[in-house]
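What follows is the residue order along each chain.
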Amino acid sequence: MNGEILFEETVRGGGMWSFVLRRHLTLRITDVEGGANVGLMAYNADATLDRLNLPDTLKAQYTAKLTRGHVLMSDMGHALLSITADTVGWHDPLGGHGNAEMAKKKSGEANYQEKRNDWYRNAHDNFLIELGKFGLGKRDLVANVSFFSRVDVDAEGKMKFHPENSKAGDSVDLRAEMNVLVILNTCQHPLDPNPKYAPKPVQLAIRKTPPPDADDFCRSFREENKRSFILTERLFIGA
Amino acid sequence: MSAFILTESKLDPAKAVYDLTLPSGDGWLHEIKRGQIFRIVDLDGNQAVDTLFYNAHNFSDRYSAQDTVREQGGIYLTTGTKLISSEGNVLATIVTDTCGRHDTFGGACAAESNQVRYAIEKRWMHSCRDTFLLALARAGNGMTKCDITHNINFFMNVPVTEQGGLSFEDGVSTGGRYVELRAEMDIICLISNCPQLNNPCNAYNPTPVRLLIWD
Chain A
1 MNGEILFEET
11 VRGGGMWSFV
21 LRRHLTLRIT
31 DVEGGANVGL
41 MAYNADATLD
51 RLNLPDTLKA
61 QYTAKLTRGH
71 VLMSDMGHAL
81 LSITADTVGW
91 HDPLGGHGNA
101 EMAKKKSGEA
111 NYQEKRNDWY
121 RNAHDNFLIE
131 LGKFGLGKRD
141 LVANVSFFSR
151 VDVDAEGKMK
161 FHPENSKAGD
171 SVDLRAEMNV
181 LVILNTCQHP
191 LDPNPKYAPK
201 PVQLAIRKTP
211 PPDADDFCRS
221 FREENKRSFI
231 LTERLFIGA
Chain B
1001 MSAFILTESK
1011 LDPAKAVYDL
1021 TLPSGDGWLH
1031 EIKRGQIFRI
1041 VDLDGNQAVD
1051 TLFYNAHNFS
1061 DRYSAQDTVR
1071 EQGGIYLTTG
1081 TKLISSEGNV
1091 LATIVTDTCG
1101 RHDTFGGACA
1111 AESNQVRYAI
1121 EKRWMHSCRD
1131 TFLLALARAG
1141 NGMTKCDITH
1151 NINFFMNVPV
1161 TEQGGLSFED
1171 GVSTGGRYVE
1181 LRAEMDIICL
1191 ISNCPQLNNP
1201 CNAYNPTPVR
1211 LLIWD
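Chains A and B are the protein sequences, given in the same order. Quick note: the first sequence uses the working numbering, first residue 1, plus one each step. Quick note: the second sequence uses the working numbering, first residue 1001, plus one each step.
For the record, the hints were derived by calculation from the structure and aren't laboratory data. Mixed in with the good hints there might be a few duds.
[As the list claims (entries may be wrong)] Quick look at which bits of chain A chain B covers, simulated, 3 or more residues with Cβ under 8 Å: (1) 26-40; (2) 109-122; (3) 127-140; (4) 168-180; (5) 204-215.
[Said to hold, decoys possible] Simulated crosslink set (BS3-like; lysine-lysine; CA at most 25 Å straight-line): (6) A:K106 / B:K1082; (7) A:K160 / A:K115; (8) A:K138 / B:K1015.
Even for Gly, the Cβ is constructed at its ideal location relative to N, Cα and C.
Just chain A, with the same shape it has in the complex (with noise of 0.2 Å):
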């Protein structure tokens, strides 16, 4: 992807961040060090009940994994976010994300009156915390996307964390497809085996990017995904 970076910015191990990321642009996430994880959730900036719904994205696209090509689709049928570019092939719509109890049983407490900003975070309550910047909440919740990690589900349907699914200058790229509210960590992903605090820091950057032509990869990827971009253009009639 070319073009101008617009703005950068290195969100740290176990840190948080939202933005409202403009209709063609593009969020290149980059895992720094390899084995980072990204949990998202998004939402239509302009009327956020309108929102990420995975079971949707992934029954429109009959995937249980995210790659290139993919569009994240919300419950009103519209493509907030393309995948236009991955270096990694595989991001995990099943595993969500932990909370304080469950990060507390695995690694331990670490809180801020003694480690200060080494304290240990945990992926609900940031998300927690970057939705209640835009007025929501609890209820907002949805599925989230763990972007760099993989899960594999076997024929009894067991779930397995694959580990080394991402490595050091891995990226993934979203375009933005109608003004999309993002929110996102960089907690471990919930069944990375490790026992100990290590989340991982990721890079942001973002670029101005060409709207999608009819040929587009994620566009034509699936009719379904032609007719959920038919249904996001009709969002900005007349404007």
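For chain A, the structure is supplied; the task is to place chain B on it using the hints.
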């Protein structure tokens, strides 16, 4: 072949404190008290029953598909599955299951998702999420669209492959199969008895289900 865990119940329908037959396309919102047993019967087979659960005293604490499958380490729901809430609490446990497999990643059909999945012109067809919205509007209890989260599809078969594929298979349920849950706290149950006519989740023939509760 995947494991299907079949168990049967000794409860007598004649002794149920609640007994309702819910036609397809209808919604149902009902409180189930802690300790009560709730049975859903697939009367005619291959019916999808789209179901959500909430803590009756705090509905921001509600069923979470991702937490439920992750905590049991497997994506299919059957006997022994604890239904986990977004706050990490156990809402209910599946105690009996004569079907053996239930889905929780296929979601509920909606007018808009039908447009995406089948055709832009399908918006007019009846859908589960329209049913959910009407049930919440009628209940007038403050619940809104943001409370319609990712549901369970009882009796529906949506296998995930080892390559990360997702498919919608013919149902694994036949007439008379049922699932029973024990409420682990006071819960609100919201059901849409699925009207979908565009895919095989109902064998293209939506049918009634029977709902029973025992003290």
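Hints versus structure:
1. With 0 residues having a Cβ less than 8 Å from any Cβ of chain B, the segment 26-40 of chain A misses the three-residue criterion, and the hint is violated.
2. A count of 0 residues in the segment 109-122 of chain A with a Cβ less than 8 Å from any Cβ of chain B is obtained; the coverage claim is therefore unmet, three being the minimum.
3. Interface restraint, the segment 127-140 of chain A with chain B: holds (4 residues with C-beta to C-beta distance below 8 Å; minimum three).
4. By the rule of at least three residues with a Cβ nearer than 8 Å to a Cβ of chain B, the coverage given for the segment 168-180 of chain A is violated, with 0 such residues.
5. Under the rule that three or more residues need a Cβ within less than 8 Å of chain B, the assignment of the segment 204-215 of chain A is violated, with 0 such residues.
6. Proximity of A:K106 to B:K1082 is assessed by CA-CA distance (about 20 Å); at most 25 Å being required, the pair is judged to hold.
7. Pair hint A:K160 plus A:K115 does not hold up; C-alpha atoms about 33 Å apart against a cutoff of 25 Å.
8. For the suggested pair A:K138 and B:K1015, the alpha carbons sit about 39 Å apart, so the restraint of at most 25 Å is broken.
Going down the numbered hints, you'll see the structure goes against 1, 2, 4, 5, 7, 8, while the others check out.
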